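Take these sequences, add in the hints, and give me the full structure.
2 protein chains.
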Amino acid sequence: MRVLSRELSSHVGERVTLAGWLHSKRELGAVSFVLVRDRAGLAQVVVDGAIELQPETVVEVEGLAVSAAQAPGGSELQEASFRVLAEPVEPPPVELRRPVLKETLPTILDHAAVALRHPRERAKFQIAAASLAGFRKALDGLGFVEISTPKIVASATETGANLFKLDYFGRPAFLAQSPQLYKQTMVGVFERVYEVGPVFRAEPHETGRHLAEYTSLDAEVGFIRDHFDVMTYVREAVAGMAESVDERMGLAVPEVPAEIPWVHFEDTGVDDVDLAPADERRLCEEHGDWLFVTGFPSAKRPFYTHPEPGRPEYTNSFDLLFRGMEIVSGGQRLHRYEDYVAALGGDTESYEGYLQAFKYGMPPHGGFALGLERWTARLVGAKNIRETTLFPRDRSRLSP
Amino acid sequence: MRVLSRELSSHVGERVTLAGWLHSKRELGAVSFVLVRDRAGLAQVVVDGAIELQPETVVEVEGLAVSAAQAPGGSELQEASFRVLAEPVEPPPVELRRPVLKETLPTILDHAAVALRHPRERAKFQIAAASLAGFRKALDGLGFVEISTPKIVASATETGANLFKLDYFGRPAFLAQSPQLYKQTMVGVFERVYEVGPVFRAEPHETGRHLAEYTSLDAEVGFIRDHFDVMTYVREAVAGMAESVDERMGLAVPEVPAEIPWVHFEDTGVDDVDLAPADERRLCEEHGDWLFVTGFPSAKRPFYTHPEPGRPEYTNSFDLLFRGMEIVSGGQRLHRYEDYVAALGGDTESYEGYLQAFKYGMPPHGGFALGLERWTARLVGAKNIRETTLFPRDRSRLSP
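Top line first, the protein sequences correspond to chains W and B. Note that my numbering numbers the first sequence so that position 296 is 296, with each residue one more than the last. Note that my numbering numbers the second sequence so that position 343 is 343, with each residue one more than the last.
Source of the hints: derived by calculation from the structure; they are not laboratory data. Given the structure is predicted, the values throughout are model-derived calculations rather than measurements. Cβ atoms here follow ideal geometry from the backbone N, Cα and C, with glycine treated the same way. Any given hint could be a false lead.
Short, incomplete list of chain W residues facing chain B, as computed with Cβ under 10 Å [unchecked claim]:
#, residue
1, 125
2, 136
3, 168
4, 182
5, 200
6, 275
7, 310
Written out as structure tokens, the structure reads:
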């Protein structure tokens with residue numbers, strides 16, 4: 001029966017079978033030390049003489065589990081015999097045996113199928129998976145319902161820019177920039193909803209923080225007073241994600257304060273109508289790992305944003321900064337039909353399906369969106385979100 | 001403080017506040033009975049005289065919780081005062097007060113934003129959400145890792161047909177028909193992976209079982225013997241989904257047998273190379289709610305399908321039928337690079353990124369995909385999967 005690498009030490013004295021990839025090999029006098037990589041980690045196998053198999057050969061290895069203080073996990077496989085399941089047709093273009101890949105990012109991305117096999121590379125995506133599980137658990141516990149909404153849409157959700165256009169049975173359609181309009185509609189049905197899924201932005205610039213397609217964690221909630229209520233849900237979601245990463249991966253995440261501090265946009269010392277990346281870094285230096293900036297100027301927030309009562313040049317909106325970068329954007333939305341008609345300046349035709357919800361009674365509500373790749377990048381200290389995206393998409397990259 | 005409708009009976013004798021939508025009203029002599037709908041259900045409110053508010057008005061209602069055997073949940077709100085949060089601008093186009101909506105399916109779909117508010121309509125999507133949670137829980141427990149792979153791709157994944165074409169920064173790209181190639185690649189990284197996400201098929205036909213966009217529950221697993229190993233994971237996933245629906249919704253799902261029966265395609269009595277809908281119905285009549293059909297003819301399975309050893313006219317593939325309809329398709333895949341080169345007939349250029357994984361060593365593996373909307377339709381007895389899709393997309397329907 002197959003055992004995993006991390007289970008080897010519970011089978012000392014038994015003959016067992018490992019299965020995985022030949023990660024690396026090293027000859028030392030009359031014996032060879034082979035590391036076999038499986039989904040759980042690495043196991044050391046000791047064989048007499050040289051071993052002809054090449055790195056990334058898929059093998060089953062039968063042998064005797066023996067305590068060995070110097071081996072990963074404190075035990076190794078001896079008296080081993082290899083059975084080859086599949087052989088590589090050429091040597092891998094990245095050197096997986098190194099503790100950290102030394103290839104450049106473009107090389108790593110071009111050869112993602114094999115580069116992702118590196119233990120440190122794949123750990124980033126286990127952190128992402130743990131984060132998703134924590135997000136869902138936190139919101140499920142608060143009575144949210146998971147929804148699946150269409151990605152092929154008839155009109156823009158955010159602005160008319162950055163839209164991917166599509167041939168939909170002979171007529172034009174677009175890829176959804178966000179599930180914004182649908183998640184708001186679903187507040188009318190379930191009050192509290194979330195969706196995890198791809199969103200699409202035809203970003204003309206190549207930066208380390210934007211992609212043409214990314215995974216958005218969206219939530220929306222009804223019967224709120226204002227955006228400060230939404231911020232309490234953001235805090236719960238993020239704390240749930242951090243806890244899940246800690247539990248599953250043992251990665252120490254900066255503790256999420258019970259109340260994340262906040263500062264109004266007008267008190268940030270920013271002269272413009274939005275934060276620049278340098279502002280985000282400075283604010284976190286001043287205030288700590290976690291900071292809400294609230295009350296963004298209406299000039300830079302989408303049409304559905306609720307104005308700040310009495311000061312319509314500001315909005316009931318917020319960003320959450322984490323370690324010097326915006327990872328969440330959200331706020332209170334308009335909820336009255338006539339406010340939408342006014343905000344859209346009469347162009348209600350292309351939003352007819354969306355406006356239905358508001359025609360028939362919607363409570364005060366708000367929500368937020370968190371970019372998974374940015375979150376993971378912040379956690380692992382990656383400078384470029386391409387490092388925390390399995391197969392990134394940008395202006396120049398459409399494959400693999 | 002707000003209480004939910006289902007919590008009312010725990011507050012008898014107290015003054016509490018409900019919040020929700022005015023679902024229906026009925027005058028009876030000197031009093032009116034109002035049903036208020038919130039995310040948990042319906043609560044009865046009794047007021048003196050007539051009530052002017054229209055259906056779907058969003059309200060907060062303060063009053064005294066009183067036991068009342070004839071009310072939903074065994075209690076009602078008396079001495080009530082209403083506060084209006086938002087008013088509908090016109091009467092809803094569907095009559096939500098009826099036990100079952102009596103409008104036609106096109107009318108319901110055209111007015112989804114409000115039709116989905118009906119308790120029976122929204123219950124279908126709570127069943128879908130519970131199913132997703134059960135799928136993930138079952139596979140997480142088996143060591144699978146959740147992945148997010150791109151939906152904008154450079155080439156077809158299934159066949160060249162049914163592809164949506166996209167303008168990607170001035171060059172052609174396509175919407176992914178499935179995460180097939182990426183989930184196989186990720187077997188090389190994590191051995192066991194799953195993804196829940198949208199898939200896109202430019203289906204030219206309008207049937208009750210096809211959509212242009214649907215939610216696919218995909219899984220892939222390495223180090224298998226053959227497709228029968230994959231079928232054991234399908235069984236675990238489906239049993240987890242059924243259990244979760246039962247737990248969350250109290251809906252009795254037909255018990256999933258510990259071993260789901262199977263029949264080889266050649267023993268189905270089908271003359272063609274694939275099952276027709278009528279065959280699926282007949283086979284379930286003969287064999288029960290759950291049935292695997294294995295060994296489909298290679299003529300109708302995609303290029304990556306592993307042939308049946310010794311009989312290459314058949315494949316190591318399967319469909320799972322549930323209550324007379326295919327809900328899962330899967331099988332063992334090719335895993336050797338040279339087998340892919342042969343299967344693609346030399347057209348390896350457009351699959352270069354995909355073939356990387358196989359160049360550098362892949363174990364025997366297989367996987368499956370389950371369509372969420374079909375699954376839910378089977379559970380609730382819906383004839384058309386548009387009834388179990390929030391905002392369906394087909395040849396003629398692009399909004400809402």
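These are the hints, each one checked on the structure:
no., hint, result
1, 125, "holds (7 Å)"
2, 136, "holds (7 Å)"
3, 168, "holds (6 Å)"
4, 182, "holds (7 Å)"
5, 200, "holds (7 Å)"
6, 275, "violated (27 Å)"
7, 310, "violated (20 Å)"
In summary, the structure is inconsistent with hints 6, 7 from the numbered list given earlier, while agreeing with the others.
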